[in-house]
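Undergrad: All residue numbers for the sequence shown refer to numbering that gives the first Met the number 0, where the first residue is 0 and numbers rise by one.
Worth flagging that the hints you see were computed from the coordinates, not collected in a lab.
This one's a predicted model, so the numbers in the text were calculated from it and none came from an experiment.
Please note that the accuracy of each hint is not assured.
Each pair of labels, with its calculated beta carbon distance range [as the list claims (entries may be wrong)]:
1. I14 x Y227: 25 to 31 Å
2. L190 x M40: 24 to 30 Å
3. G194 x L250: 42 to 48 Å
4. E229 x S192: 22 to 28 Å
5. S16 x R159: 34 to 40 Å
6. H120 x L190: 39 to 45 Å
7. I186 x A31: 34 to 40 Å
8. G170 x P197: 44 to 50 Å
9. A115 x G238: 22 to 28 Å
Glycine residues also receive a C-beta, built at the ideal position from the N, C-alpha and C atoms.
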Amino acid sequence: MSTLLVAKKDVQDAIRSRTLLVVAGLFTAFLAFIIYYRIAMESPGRPVKVAGLYPSVATVISVIGTLLGYNAIVGERESGSVKFLLGQPHARRDVVVGKFLGRAAVVAVTVLVAFAVVGVHYAVLAESPSFTAYVLFVGKMLVLGVVFVAIAIAFSAALRSATAATWGAVGLAILFAFGWESVLIIIESLLVSGGSPPSWFLLFNRLNPKYALDTSASGVGGGAASFYLEPWFGVVILGGWLLVPLGLGYLRFQRGDLA
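Take these sequences, add in the hints, and give me the full structure.
TA: Put into structure tokens, the structure is as follows:
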């Protein structure tokens, strides 16, 4: 119950400060623009699958999840308000899990509202829209946003300095969102010879949460030789990114001094 109280307060704070309204509004505007650009401007007269929106939308979702989570605990730790929070019947575990659930709820509402509003826009512009593909795409974005919230919350719980938490969470998000291809190019040039890339290289690409479920970008398809290249294994990767950082962040927060 204490966990849910922390989560409820976090959501109420997001509504009261208009964070939810601003984030949902900006993401809806971005989504409407990117759909219009891809369908009406970049590929007029040609069918555009919703999966083609994955790279750009996933990048923005990862940034949103990170920005909503990185200061959730460490900000209150620096201001001293976390002591007041723990002075109530809340354990440190309640704070970490509750903050995660609260920020994840904000991301979920943002994603669902934006895609619900823009869904009509997509249906009108797309030549042959698929409701099933659209819902599946929304689900992927929802999961991705929650995973990046978990990573950011982990940094926020583990570190005592807001500056360090910012550098850690935002830096990792920037690497995953914008620098991953450069890392792959360097690794490929050093370790991969000509021909098809080996299985370990494709797996390494999928370790980026952004690409874990994007089988087309990861070079994963039907009939993959290794089980870790099968589409279902992307769920395992995301599960690891969700649970492991949160667990480590909680352990650091549990053992750390709040002063």
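Undergrad: Give a verdict on every hint.
TA: Status of the hints after comparison with the structure:
Remark: the range hint 25 to 31 Å for I14 to Y227 is contradicted by a beta-carbon distance near 41 Å. Checked against the hint of 24 to 30 Å, the C-beta distance between L190 and M40 comes to roughly 39 Å, which is inconsistent with it. Separation of G194 from L250 is about 43 Å and conforms to the stated range, judged on CB atoms against 42 to 48 Å. At roughly 25 Å, the beta carbons of E229 and S192 sit within the given window of 22 to 28 Å.
Taking the beta carbon of each, S16 and R159 are about 24 Å apart, not inside 34 to 40 Å as hinted. Between H120 and L190 the beta carbon distance is about 44 Å. The supplied range of 39 to 45 Å therefore holds. Taking the beta carbon of each, I186 and A31 are about 37 Å apart, inside 34 to 40 Å as hinted. A hinted range of 44 to 50 Å is violated for the C-beta pair G170 and P197, which are about 28 Å apart.
At roughly 26 Å, the beta carbons of A115 and G238 sit within the given window of 22 to 28 Å.
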